[in-house]
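Trainee: One line per chain: the protein sequences are E and Y, in this order.
Per our numbering, numbering of the first sequence is gapless, rising by one per residue and ending at 87.
Per our numbering, numbering of the second sequence is gapless, rising by one per residue and ending at 389.
Be a bit skeptical, because a hint or two may be false.
Just some of the chain Y residues that point at chain E, by a computed CB distance under 10 Å [as the list claims (entries may be wrong)]:
1. Gln6
2. Thr123
3. Glu129
4. Val141
5. Arg153
6. Pro232
7. Lys266
Rough simulated footprint, nothing fancy, chain Y against chain E, three-plus residues with beta-carbon under 8 Å [what the hints assert, rightly or not]:
8. 16–24
9. 33–44
10. 52–62
Please keep in mind that the hints were generated in silico from the structure rather than gathered at the bench.
All C-beta atoms, glycine included, are put in the ideal place defined by N, C-alpha and C.
This is what each chain is made of:
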Amino acid sequence: MAYVITETCIGTKNTACVTACPVDCIYDAGEHFIINPAECIDCSMCMPQCPVEAIYPGDEVPEYLQEYATKAAEFDYSGIAPGVEIN
Amino acid sequence: MADLKQRSLEEVKGLSVEEAAEIMRQAGIVGAGGGGFPTYFKYMRPLPHLIVNATESEPGYWGDKLLHKEYLEEFLLVFEAMKAIFGFEQISLGVHEKDRGWFAEYQEHSADGVYDVRYVPNTYALGEEKTLVKHSTESRVPRFVDNPDGTRRPGMPPDVGKIVNNTESLLNVYNALFLGKPLTTKFFTVYGAEVDTKVYEVPIGASVSEVLGIAGLDVENSGHLTVLDGGPYLHDMAIAELGKGDAYVRRMTNSLFVIPEGRQGKEYAEIETECPEEGIVSLVGEVSGVNVPLGGGLLTPATPLVSEGDEVEYEQKIGEPVDQGFSVGVWASLGGEISSLENGIVAISGGAIPQEEAEAEAEPSMAGGSQPRGEAEPFQEAGSSGGSK
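Kindly generate the complete structure, drawing on both the sequences and the hints.
Mentor: See the structure below:
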């Protein structure tokens with residue numbers, strides 16, 4: 001059950017989660033980071049790193065934030081590399 | 001009394017919480033799983049449920065499984081003792097589903113009711129405490145909790161009445177409570193490129209290069225190899241180019257993972273290793289010198305009890321824990337002469353190889369240098385052929 005990055009990442013995009021992830025499954029989805037559920041190994045390393053508490057275990061995402069789980073499941077990861085885009 | 005001495009089961013069961021925690025502190029026990037959190041502190045406030053993490057935290061590891069196989073009696077005794085001392089309502093052994101057969105004896109003995117065995121999905125990785133609680137109980141560690149001062153911190157197993165302890169840490173607790181034996185060694189797996197998979201018990205502070213030499217690597221001619229302290233996922237760099245520089249076995253070292261220089265550990269996430277037939281090989285007394293840290297990580301340095309030039313015996317106390325912060329006792333992992341005491345590191349020269357030679361090995365060599373070896377081949381077929389997912 002993959003972890004899910006939710007609303008409070010928007011406007012924050014702190015990269016501590018990206019650094020913590022041992023399998024590089026956190027991608028830049030534009031206004032927020034996103035975890036590829038096909039690659040997440042459910043280790044939870046990212047969750048305590050988030051300064052805005054945006055990350056939930058997949059089975060504990062509140063109802064009002066479910067859209068982020070849906071988006072993560074349906075997102076097209078093929079065109080982007082994991083980690084932080086360097087501008 | 002919190003002396004380190006031999007005790008019978010009944011004597012151990014008669015220890016108070018404070019006495020048992022103090023013995024762990026004096027014995028120098030810290031979390032062997034990788035966190036290095038001082039074990040005594042986990043037990044100062046007893047909680048209802050102890051979960052012993054018997055899942056190897058990285059692909060390719062064998063240390064915890066071999067410890068459970070070789071020290072069954074010791075684990076059964078320490079479970080019984082811990083239940084009595086700390087009043088646990090339940091002790092559970094967290095085991096991967098795939099290891100049911102390996103832990104069959106533990107399942108049989110659990111019929112006595114002292115502990116139970118809980119199987120967690122094979123996907124559970126990295127030994128992470130909160131995830132182990134989630135997979136082995138009905139409890140969920142909260143994501144974050146409020147501190148009394150209004151700040152927030154990440155949730156921890158004690159927030160839901162759980163103490164999670166690593167297999168090896170618990171064996172070290174057994175050694176301290178029952179045998180009066182302090183922490184002086186670390187169990188870990190050596191595996192990867194150009195080495196056979198082995199599990200060693202190694203004096204803390206031993207030279208990584210020396211251990212790899214014993215494991216069969218031609219250290220001085222292996223600049224094309226990198227050594228990680230850890231596994232494919234989580235690790236620290238130990239030696240970037242083997243033969244140039246050195247590193248030391250830490251209280252948290254769970255593996256020396258050898259990969260071709262220029263590659264990433266996580267490229268080997270699918271690695272599969274064979275259990276070493278000979279079991280655990282002890283290198284106690286087999287290394288030439290050690291560098292034992294008095295503190296480091298979460299630990300406030302202990303006060304040294306020795307000076308340069310002193311002779312020490314194996315398992316002699318060389319550092320007294322201080323009252324400030326987290327601090328634990330430090331013990332000689334090798335008998336010999338204190339060759340230096342600098343920067344919180346006690347160097348003991350044991351004599352098998354002269355210290356000068358060990359130091360020379362640690363110096364960057366002129367030969368074999370900095371040529372990148374980009375064409376290094378993967379060393380294991382398991383990753384490419386193991387399409388089990």
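Trainee: Of the numbered hints stated earlier in the document, which are not met by this structure?
Mentor: Violated hint: only 1; rest satisfied.
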